[in-house]
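Student: Could you slot chain B onto chain A? The hints should help.
There are 2 protein chains.
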Amino acid sequence: MNDTFPYLPLGPLSAEPDGNRRFRVWAPLPKSLDLVLLTDDDQTLHRMQPEGNGYLISEPVAAPAGTRYGFYLNGKRDKLYPDPASRYQPSGVHGESEVIDLPPVADEDWSGKPLHEAVIYELHVGTFTEAGTFAAAEERLDYLRDLGVTMLEIMPLNQTSGERNWGYDGVLPSALFQAYGRPEDFHRFIRAAHERGIAVIVDVIYNHLGPEGNYLPSFFPVFTEKHHTPWGAAINFDDAHADGVRNYWLENVRLWLETYGADGLRIDAVHAIKDYSANHFLEEVSALADRIGKAQGRTIVTIAECDLNAPRYLQSRKRGGYGMSGQWVDEFHHAMHALLTGEVRGYYEDFGEVEQLARALKDGYVYTGQYSPHRKRNFGRKPGPGITPAQMVVFLQNHDQVGNRMEGDRLLGGIGVDKYLLGAGTYLLSPFTPLIFMGEEYGEENPFPYFVHHGEEALIKAVREGRAREFAAFQTEGHHVPDPQAEETFRSAKLSWKQDDRILEFYRRALHLRSAAPAFADISVDQSGPLITWSIRGGKYTACGNYGDEALTIEVDADELLLASNGATLENNLLQLPAWGFAAIA
Amino acid sequence: MNDTFPYLPLGPLSAEPDGNRRFRVWAPLPKSLDLVLLTDDDQTLHRMQPEGNGYLISEPVAAPAGTRYGFYLNGKRDKLYPDPASRYQPSGVHGESEVIDLPPVADEDWSGKPLHEAVIYELHVGTFTEAGTFAAAEERLDYLRDLGVTMLEIMPLNQTSGERNWGYDGVLPSALFQAYGRPEDFHRFIRAAHERGIAVIVDVIYNHLGPEGNYLPSFFPVFTEKHHTPWGAAINFDDAHADGVRNYWLENVRLWLETYGADGLRIDAVHAIKDYSANHFLEEVSALADRIGKAQGRTIVTIAECDLNAPRYLQSRKRGGYGMSGQWVDEFHHAMHALLTGEVRGYYEDFGEVEQLARALKDGYVYTGQYSPHRKRNFGRKPGPGITPAQMVVFLQNHDQVGNRMEGDRLLGGIGVDKYLLGAGTYLLSPFTPLIFMGEEYGEENPFPYFVHHGEEALIKAVREGRAREFAAFQTEGHHVPDPQAEETFRSAKLSWKQDDRILEFYRRALHLRSAAPAFADISVDQSGPLITWSIRGGKYTACGNYGDEALTIEVDADELLLASNGATLENNLLQLPAWGFAAIA
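Chain order of the listed sequences is A and B.
So that you can map any letter, position 123 of the first sequence is 123 in full-length UniProt numbering, and since no number is skipped, the others follow by simple counting.
So that you can map any letter, position 377 of the second sequence is 377 in full-length UniProt numbering, and since no number is skipped, the others follow by simple counting.
Next up, chain A with everything else stripped away, as it sits in the complex (with noise of 0.2 Å):
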């Protein structure tokens, strides 16, 4: 009777006592493989050998920490390939490998953080400080933890074109990218968040590959014609060969957490991976990071980016989920960001009222089997026992909401300071797990756009048209769409660090309410016109939204005002709540 299809390491393998190593490769494609160390004014050569179900593994070489390598494929020395596997690349995604030995993950008394405990900070390393690196992130930790964050979803680390990208044009997953420092860099700057209490996860992309320097098509059948995504042939997670696939992505999923020691995985647009077999791929993923967590005794989660209001992803495995700890709940920002801004545009149309923000409070989702006019059709379904509003990750803003705009102007901006703490409020003290977008906090006033730096020009060209025809009919007077290729798009995005006092103690201080209560178990939200008032963590305070343009008079039964924008008051039991105002009481 037949095997499992065997998951083994892959890439540079560990040292043997003699310090020599092996190196492995997945490439059932080529016909032969050999493997290239590389000095600066030579290379030698190793025949990879099969090792049986498409993997070739080398003899033991004298390959330490630093050394420079790539591949020859089918006897061809023309193209010097770099690892799929590898760690890092010193000069880019076309370039050589370096083999990485990172130090063991060794995080005293750090237990990780479950989602019930998180407050989490998205950041982009490249454009959070000047430097744009770990190095110079490192030095923020003390203020976010000081802010209140308890988490950091660091956006996508993976080997793109260039020296800039917000990280979603991968082609290396497993390769730090070279802008942003070095892999011991990022080894360091999650032990520096670690002592600060602070969690590490990142964003990773499980769904597609970037349009350049993408030479897996060479080792393996990364994509299959069978499924299609937005990006093309989908990542082949069920057609012939798909456990090798699933051993690659599976071995970026133990690099993230048990080598660099990670917090969890914020995996991006998981209803584009396309998987029709038994065992979900997303269900290897969750059971993987689970018995890495459970092996060395602290919380890891994981977090899907999910569109389909589809309850599976989150439910338990043993229910037949797929056992994401959390998800993105773009809808909860959809309510809000309708009713703060009035825009109806686009996917906006299906929002706008009053009493969908009050059941996104409810239930996260706000479409649980109603009919979109946008979608055209049912959508979603409700949560369903099992699943904890935890697992609801919300936001106000984040890099898509904002970085999908055509300037990628930030919502402050459009809606002024008033209606921004209105919003705040609501989502840092929803019974949701909040997520703060870089800057946001105090609110920054640069914007996020889309930025690429492609190396080829036909590329180049179709980005830019690309983004031309998308925003065609938002073009102005004064309005364009800023050049994705140009660096001055990606300088513009960089965090200016100018703070409005107001809005961060504002923060500061619903973080603080926040983190002072216990987790909470349910909600009670009741709606009546513009008015929400939803009793959070266990009733130890009520918050209040006034989502309309008239002050509100209410009598309250409280006498202490916690925390008030926009002139809100509270005496002798009556909260007078300005338009667009928030007050949480107690």
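Keep in mind the hints are simulated off the structure, nothing from the lab.
Take these hints with a grain of salt, some might be off.
Subject to a maximum C-alpha distance of 27 Å in a straight line, what follows is the list of computed DSSO-like cross-link-like pairs (lysine-lysine) [said to hold, decoys possible]: (1) A:K318 - B:K318; (2) B:K79 - A:K31; (3) B:K362 - B:K318; (4) A:K382 - B:K362.
Tutor: The following block gives chain B in isolation, referenced to the frame of chain A:
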């Protein structure tokens, strides 16, 4: 806040008190729709009025049962379209529809058949008898009852082109194929079966539409390019307008189960029902079937043809599954077939070991995660808790396993009676639900080749060439691909009813044994070399199969030989099991 897309009845609605009735069509695509009522020499037009959500409804009109009708689209009178919800097409797929009123279902004392009491018999109405009609099939019901059959699975009844078809080229799922009789005949056939204690389930196709006479795309977006199947664009279950499409198919579920009072559905190739929404279409089907069964106080079953070894289809909806009552288990067949025939081509390359059949007897599935050489990936998953053996439907042959061979040759001719009875004993006395393919029980020798009766020359040519290409490697002296379009091919598939008494008696006794024992809870399977023994149904008897060329003598703790093939004997606790022999002992 939005409502849910409404699921409404389609076609000619029930008559109102004055005898008139309205017609409803879901047709979001055409600009206008006219209901056309036909008389022998005239026609009257009634403009259909929008009801919202793409539904259109007529004024009440005089249209008693028997009225012929159709629709003009977009004000054009050059083509009369059949009703997408047509129940009958007296002159075929391209012609007008007929208003059908069926009598209410009143089956006294009939409560349906759960799968653990089912012995299924698959029949194709057109070839089951010389006349090829329901009326003729009805005359065989006593024979089937006496054989031990408790459930008929009728190959698809939907309207296809021409006068003969396997049924999988249907284009009007609710129209009863005119070659078999009228709807009233099938309604009566079900009653006649119920009177004999036999349930009737219908083979339905929700994953594709036939190549000729499909006018549905003129009415609504029945396909989506989001997903593809072997037949092209997938049926639209999760794209814009999917709910109207779902309602259209769910109306078909209601027709068979409520209006005809059938006992269940066998759902064709569910792995080709592509649905990424939060509510999989099959969950809606099983939930609807359960509601109908509950309302009418009878058992209704849903059996999926599924090629995924994915327990999700069988798991209850509460446990996150799709709630199918059962599924066809091709792998049980393949494991037996490869042993009995020695065939190793195509998907049989994954089979051929006795251990695999033993595994199938334990789990239903053979591949529960192991590497499949044919699929080139790890395949399947253990059924897991909550799934019962009766949910697995197994067979020695079925229309596909016979008909998808070049000449449609049945198993018996290839392997001889001894091996045939070994296979029969194995699956009939397995813990699973057996399915007999018509004629198999008495050793029918006529083939069951693939046949069609299209009207379009290009299509006929394409089908002929497709078959020739598929079997190019199999054509040898004296063996060729029967012409699928030829009437002779269809006629050659009709049962001869020439009965081999030895085979028929074996089937009768095996089914008698099966029915005499209580439903079993667990199975114990032992395998050693070519011998498999298993205790079934609470250990009331033990089955023994010798899947090898050598006779075996086995010491057993039994003194009664209940069923034997190939001259097996039991004396003094010694079971003599000849090569390829089968015995059931107690």
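Student: It remains to establish, for every hint, whether it holds in the given structure.
Tutor: A quick look at each hint next to the structure:
1. A:K318 - B:K318: 12 Å, holds
2. B:K79 - A:K31: Violated. B:K79 to A:K31 sits at ~59 Å, over the 27 Å cutoff.
3. B:K362 - B:K318: 25 Å, holds
4. A:K382 - B:K362: Roughly 37 Å separates the two Cα atoms, so the pair is violated.
This entry does not satisfy hints 2 and 4, going by the numbered hints stated previously.
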